[in-house]
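K.L.:
Sequence:
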Amino acid sequence: MPETNTVPIQCPNCGTQYQTPVRTIIDVGQQPQLRQAFLSGQVNLAVCPKCHTGGLLETPLVYHDPAAEFLAIYFPQQLNVPEMEKQKMIGEMTQGLMRSLPPEQRKGYFLNPRQFMNRQKLMDAILGTMGISQEELDRQRKKAKLIEQLAVMADDPKGLAMMIKGQDAQFDYEFFAILSDTLNRAQAMGDEKATKQLTMLRGKLMEVTAFGKKAAKQQAAVESLKELKSPEEFLEKVVAADPDVVDAFAVAARPLMDYAFFEKLTARIEASSGAERDQLTKLRQHLADITQKMDEATKATLEDANGLLQELMSSENPRSAVREHADELGDAFMAVLSSNLQEAQRRGRKAAFERLAMIYDEIMAMVEEELPPEVQLMNELLRAPYPEGARDMLKEHQAELTPEFLEMMDRLADEMGQRQSNSAEEAQELTATAKRLRDIKAQAMLLV
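Here my numbering is used: the first residue of the sequence shown is 63, the next is one more, and so on.
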């Protein structure tokens, strides 16, 4: 049984028929990014290309985490499949997973997979393998329930005020993170009503809760940095800011807090006296502590990223190693990778450059795998030789050439044509890509 099948769907809202991929095997040992995708409701999600109505497809799947020796079978209760047929399907899925693994990875726990008929219970078990306690799950679930209740009152200011009265402590970073995650899922599923309610709720809670007001104040302060005209003006902003905003400035504008900044602040301290001198001295020490901790954290992060890059470079199979470490490939790693690519090219180290490029290409492939199918198709069309290769691919994907897809091609071509560039070379590349998109769209129009 293949890991992914394509199945036909008929939209229950508008009747549009379309194809959508359905995954039957999730092996986070081979594709770690699928763990978070499943937990956030992005696996086996069908969204109508016409009206954007969507929802999760409740289909059987195997979930495998070799690091935790956790093998689970999810077989939704609502499928109402006879027991004999159910066991046959479970056997096929388990065998499909085992065939994808080398013999040494097929261990004893494969003989006794855990079975789940409820998606939430499977998600709880997965979170348990990640070290998240039942107490944490209960707390998060309580906040998720509160979000559900508050969303109903999003357009009723008086009712909302009554519901949140006396609960300000509930509205912390974790609450807003869960709210944002819930909003993202609603958007991904095309649920316009829930998206509108949750967006309105988040905006109002940002206005009336202590955490929301603090976050909004910090965000506004950071936005104001875009209008800075001189280092002296930055110093004035920092000196005049309250403690919450000072911390936000330090995080958002660390490069501005350089030696010259502290030199100017010290001069200001020496020119002051009394309470002002004490206040400025405390501010300097606070900023010195913050920036030192940030620098130490950055240094440690870059050292970890460099160590990981060396591990991937020395691996027998860098592409597989990249996927095994997918959760660790953050901004710091990409910065280190980019720097090493440039250095290898500058020094003419061909072998190192090719291996680094292989790692970069695999990361980009993983990123593309997470893109919506229509975006993946557009990228494939742009890479195909023009005109014959693009035309053949369009014929192969003729059923996917919907009016919405063609409109997206037009919109993207327009955006590229209008985008500001930093160099003549980049501008030329954008213009060429926009033209290629329009040319491919003209080919597509002959097939619809």
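FYI, nobody ran anything at the bench for these hints, they're computed from the structure. Computed from a predicted model, the values in this text were never measured in an experiment. All C-beta atoms in this analysis are idealised placements derived from N, C-alpha and C, irrespective of residue type, glycine included. Do not take every clue at face value.
[To be verified] Distance condition first, Cα-Cα at most 27 angstroms in a straight line; then the derived DSS-like pairs of lysine-lysine:
#1 K258 <-> K291
#2 K326 <-> K299
#3 K276 <-> K227
#4 K205 <-> K299
#5 K276 <-> K291
#6 K276 <-> K258
#7 K412 <-> K457
#8 K266 <-> K288
#9 K220 <-> K288
#10 K258 <-> K112
[Unchecked claim] Beta-carbon label-pair distances, calculated as ranges:
#11 E289 <-> T464: 41 to 49 angstroms
#12 G265 <-> R411: 16 to 24 angstroms
#13 I240 <-> D340: 21 to 29 angstroms
#14 M396 <-> N174: 47 to 55 angstroms
#15 K150 <-> G77: 39 to 47 angstroms
#16 G392 <-> T464: 49 to 57 angstroms
#17 E145 <-> V313: 42 to 50 angstroms
#18 I240 <-> A302: 16 to 24 angstroms
#19 S376 <-> Q347: 37 to 45 angstroms
#20 D234 <-> L509: 35 to 43 angstroms
#21 L508 <-> E289: 44 to 52 angstroms
#22 G392 <-> A278: 44 to 52 angstroms
#23 A333 <-> V270: 35 to 43 angstroms
#24 T121 <-> K279: 21 to 29 angstroms
K.L.:
Are the hints correct? Go through all of them and say.
P.N.:
Going down the list of hints, with the structure as the test:
| no. | hint | result |
| --- | --- | --- |
| 1 | K258 <-> K291 | violated (38 angstroms) |
| 2 | K326 <-> K299 | holds (13 angstroms) |
| 3 | K276 <-> K227 | holds (18 angstroms) |
| 4 | K205 <-> K299 | violated (36 angstroms) |
| 5 | K276 <-> K291 | holds (26 angstroms) |
| 6 | K276 <-> K258 | holds (24 angstroms) |
| 7 | K412 <-> K457 | violated (39 angstroms) |
| 8 | K266 <-> K288 | holds (26 angstroms) |
| 9 | K220 <-> K288 | violated (37 angstroms) |
| 10 | K258 <-> K112 | holds (19 angstroms) |
| 11 | E289 <-> T464: 41 to 49 angstroms | holds (44 angstroms) |
| 12 | G265 <-> R411: 16 to 24 angstroms | violated (52 angstroms) |
| 13 | I240 <-> D340: 21 to 29 angstroms | violated (41 angstroms) |
| 14 | M396 <-> N174: 47 to 55 angstroms | violated (40 angstroms) |
| 15 | K150 <-> G77: 39 to 47 angstroms | violated (33 angstroms) |
| 16 | G392 <-> T464: 49 to 57 angstroms | violated (35 angstroms) |
| 17 | E145 <-> V313: 42 to 50 angstroms | violated (57 angstroms) |
| 18 | I240 <-> A302: 16 to 24 angstroms | violated (34 angstroms) |
| 19 | S376 <-> Q347: 37 to 45 angstroms | holds (44 angstroms) |
| 20 | D234 <-> L509: 35 to 43 angstroms | violated (53 angstroms) |
| 21 | L508 <-> E289: 44 to 52 angstroms | holds (50 angstroms) |
| 22 | G392 <-> A278: 44 to 52 angstroms | violated (27 angstroms) |
| 23 | A333 <-> V270: 35 to 43 angstroms | holds (42 angstroms) |
| 24 | T121 <-> K279: 21 to 29 angstroms | violated (46 angstroms) |
In summary, the structure is inconsistent with hints 1, 4, 7, 9, 12, 13, 14, 15, 16, 17, 18, 20, 22, 24 from the numbered list given earlier, while agreeing with the others.
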